[in-house]
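> With chain P held as given, fit chain G onto it using these hints.
Going line by line, the protein sequences match chains P and G.
First residue of the first sequence? That's 232 in this note's numbering, and the numbers climb one at a time after it.
First residue of the second sequence? That's 2 in this note's numbering, and the numbers climb one at a time after it.
Be a bit skeptical, because a hint or two may be false.
Estimated spans, in silico, between C-beta atoms of each pair [stated by the list, open to error]:
no., chain 1, residue 1, chain 2, residue 2, range
1, P, 434, G, 30, 17 to 27 Å
2, G, 51, P, 422, 13 to 23 Å
3, G, 126, P, 347, 47 to 57 Å
4, G, 5, P, 361, 22 to 32 Å
5, P, 434, G, 13, 26 to 36 Å
6, P, 427, G, 42, 19 to 29 Å
7, P, 433, G, 69, 25 to 35 Å
8, G, 72, P, 351, 26 to 36 Å
9, P, 351, G, 51, 47 to 57 Å
10, G, 70, P, 309, 24 to 34 Å
In silico lysine-lysine, DSS-like type, Cα no more than 25 Å apart, as pairs [as the list claims (entries may be wrong)]:
no., chain 1, residue 1, chain 2, residue 2
11, P, 343, P, 430
12, P, 320, P, 275
13, G, 74, P, 269
14, P, 430, G, 157
15, P, 234, G, 55
16, G, 152, G, 111
17, G, 112, G, 74
18, G, 20, G, 111
19, G, 20, G, 149
20, G, 20, G, 157
21, G, 8, G, 128
22, G, 128, G, 55
23, G, 47, G, 111
24, P, 241, G, 47
25, G, 47, P, 431
26, P, 430, G, 45
27, G, 75, P, 431
28, P, 320, P, 234
29, G, 20, P, 234
30, P, 234, G, 157
31, G, 45, G, 75
32, G, 74, P, 271
33, P, 241, G, 112
34, P, 431, G, 55
35, G, 52, G, 111
36, P, 430, G, 75
37, P, 241, G, 20
38, P, 241, G, 111
39, P, 234, G, 152
40, G, 112, P, 234
If you are wondering where the hints come from, they were derived from the structure by calculation, not from laboratory data.
Backbone N, C-alpha and C fix where the C-beta goes; we use that ideal spot for every residue, glycine too.
Below are the chains, spelled out letter by letter.
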Amino acid sequence: MDKTIENIWKEGFIKSGDLTAPKINDLYNQKSIHIIDKIKRMNKINLIAIAIGAPLFLVITCFMHFPITGMATFVILAVILYVNRNLMKGFDTIDKGNNSYEYLNSFNTWLKLQLSINRKMAGFYYPALFLAVVIGLWFSPGVQQIFQEILAKPNEIYLLGNFPILWTIPVIIISIVLAFLGGRLYDFDVRIVYGPVYKKLEDILSDMEDLRK
Amino acid sequence: MSYDFYKTFILPYSAIIIKICRAYTNTQEDFEDYYQEVCLQVWKSKDNFRKDSKWSTWVYQISLNVCLILLKKKKNNQKHFASDTIPDGVLEDTDAFSDEDLNHLYSAIKKLSEVDRAVILLYLEEKPYQEIADIMGSNSNNIGVRIKRIKERLKKILDGQDY
Numbered sequence: 232m233d234k235t236i237e238n239i240w241k242e243g244f245i246k247s248g249d250l251t252a253p254k255i256n257d258l259y260n261q262k263s264i265h266i267i268d269k270i271k272r273m274n275k276i277n278l279i280a281i282a283i284g285a286p287l288f289l290v291i292t293c294f295m296h297f298p299i300t301g302m303a304t305f306v307i308l309a310v311i312l313y314v315n316r317n318l319m320k321g322f323d324t325i326d327k328g329n330n331s332y333e334y335l336n337s338f339n340t341w342l343k344l345q346l347s348i349n350r351k352m353a354g355f356y357y358p359a360l361f362l363a364v365v366i367g368l369w370f371s372p373g374v375q376q377i378f379q380e381i382l383a384k385p386n387e388i389y390l391l392g393n394f395p396i397l398w399t400i401p402v403i404i405i406s407i408v409l410a411f412l413g414g415r416l417y418d419f420d421v422r423i424v425y426g427p428v429y430k431k432l433e434d435i436l437s438d439m440e441d442l443r444k
Numbered sequence: 002m003s004y005d006f007y008k009t010f011i012l013p014y015s016a017i018i019i020k021i022c023r024a025y026t027n028t029q030e031d032f033e034d035y036y037q038e039v040c041l042q043v044w045k046s047k048d049n050f051r052k053d054s055k056w057s058t059w060v061y062q063i064s065l066n067v068c069l070i071l072l073k074k075k076k077n078n079q080k081h082f083a084s085d086t087i088p089d090g091v092l093e094d095t096d097a098f099s100d101e102d103l104n105h106l107y108s109a110i111k112k113l114s115e116v117d118r119a120v121i122l123l124y125l126e127e128k129p130y131q132e133i134a135d136i137m138g139s140n141s142n143n144i145g146v147r148i149k150r151i152k153e154r155l156k157k158i159l160d161g162q163d164y
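Chain P with its partners taken away, still in its complex shape (with noise of 0.2 Å):
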């Protein structure tokens, strides 16, 4: 080795005088692709989540003894599946061949979608949750015996039917402000799982239209 390696530093940038900067042009492309795929990935394993546990929660009301509850969740998951199942179709539809920013973009515009969506079936499912569990507590047989011992002593409960009214009006309050409230909890739902998340997406896309500046 007759070179030392200062003169080979040297003398080789000289010679091949190629060090010419790559084009900034694709800077986001990997950090979008893992940043989508992380989004979807966390979408399916929710929906799977909802797939696998709507029945098997099913099975075990029914094993409890108070079936209504498994099955009025099991048609609300099940409409929650399908809707959004649905909404990952329109995923697909986004042109993958977009440059970065744009495809950053309309998987935002599809997730701002899907989210709002999410967001108005809330009001409805979080206080039919919790009607589903009351009703089917409800008629189940252990509480439907507490119900008749407590019917058959002489007390001072207001009967509609056979429904003692002053305790349907908790439940009715309860549901109503479910579904007031619903969306926000929504809200905090996804803020505690996909937050982080969505907080990147968010500063990848504010970095990239600085960068369009």
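Frame of chain P; chain G shown alone:
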């Protein structure tokens, strides 16, 4: 990042970034990713630049840090696979430069540890020992000793006595 910023504060130092990124990557694709990430981080960190050091030193520091982090991330990802070799279909970039000796030197540098690579790159860029020590968070005496050892090892690798 505006083009003006890129043109004024990154492009004149692109040689530094290229040299460092080349030392930490094996493929053209990785090299471009690392280069872009360094540019992005330089731009993002511009407000943290303290004027007590030179801008070029700052760019060096960010380039090294970004490359080390990306390399670490890559190694972590590769732990999930049975092999940590380059995936099929991706050719190792052994002739990134048209000068053959330079390519050999780069191959030898890539055989060094991540930290030794950083030190020797700074040395080859004729940075004073004190500046290298500042960048690496060491002292100039240690850097001097380390450089001597690295040069000996590089010579052995280039002579085919060390793999």
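> Taking the hints in turn, state whether each one holds.
Here's how the hints hold up against the structure:
no.: 1; hint: 434/P - 30/G: 17 to 27 Å; verdict: holds (24 Å)
no.: 2; hint: 51/G - 422/P: 13 to 23 Å; verdict: violated (36 Å)
no.: 3; hint: 126/G - 347/P: 47 to 57 Å; verdict: holds (53 Å)
no.: 4; hint: 5/G - 361/P: 22 to 32 Å; verdict: violated (58 Å)
no.: 5; hint: 434/P - 13/G: 26 to 36 Å; verdict: holds (28 Å)
no.: 6; hint: 427/P - 42/G: 19 to 29 Å; verdict: holds (20 Å)
no.: 7; hint: 433/P - 69/G: 25 to 35 Å; verdict: holds (27 Å)
no.: 8; hint: 72/G - 351/P: 26 to 36 Å; verdict: violated (46 Å)
no.: 9; hint: 351/P - 51/G: 47 to 57 Å; verdict: holds (51 Å)
no.: 10; hint: 70/G - 309/P: 24 to 34 Å; verdict: violated (45 Å)
no.: 11; hint: 343/P - 430/P; verdict: holds (13 Å)
no.: 12; hint: 320/P - 275/P; verdict: holds (12 Å)
no.: 13; hint: 74/G - 269/P; verdict: holds (17 Å)
no.: 14; hint: 430/P - 157/G; verdict: violated (50 Å)
no.: 15; hint: 234/P - 55/G; verdict: violated (31 Å)
no.: 16; hint: 152/G - 111/G; verdict: holds (13 Å)
no.: 17; hint: 112/G - 74/G; verdict: holds (19 Å)
no.: 18; hint: 20/G - 111/G; verdict: holds (12 Å)
no.: 19; hint: 20/G - 149/G; verdict: holds (21 Å)
no.: 20; hint: 20/G - 157/G; verdict: holds (22 Å)
no.: 21; hint: 8/G - 128/G; verdict: holds (24 Å)
no.: 22; hint: 128/G - 55/G; verdict: holds (12 Å)
no.: 23; hint: 47/G - 111/G; verdict: violated (29 Å)
no.: 24; hint: 241/P - 47/G; verdict: violated (29 Å)
no.: 25; hint: 47/G - 431/P; verdict: holds (21 Å)
no.: 26; hint: 430/P - 45/G; verdict: holds (17 Å)
no.: 27; hint: 75/G - 431/P; verdict: holds (20 Å)
no.: 28; hint: 320/P - 234/P; verdict: violated (62 Å)
no.: 29; hint: 20/G - 234/P; verdict: holds (20 Å)
no.: 30; hint: 234/P - 157/G; verdict: holds (13 Å)
no.: 31; hint: 45/G - 75/G; verdict: holds (22 Å)
no.: 32; hint: 74/G - 271/P; verdict: holds (22 Å)
no.: 33; hint: 241/P - 112/G; verdict: holds (20 Å)
no.: 34; hint: 431/P - 55/G; verdict: violated (32 Å)
no.: 35; hint: 52/G - 111/G; verdict: violated (32 Å)
no.: 36; hint: 430/P - 75/G; verdict: holds (23 Å)
no.: 37; hint: 241/P - 20/G; verdict: holds (12 Å)
no.: 38; hint: 241/P - 111/G; verdict: holds (18 Å)
no.: 39; hint: 234/P - 152/G; verdict: holds (13 Å)
no.: 40; hint: 112/G - 234/P; verdict: holds (19 Å)
The structure does not agree with the numbered hints 2, 4, 8, 10, 14, 15, 23, 24, 28, 34, 35 stated previously, though it agrees with the rest.
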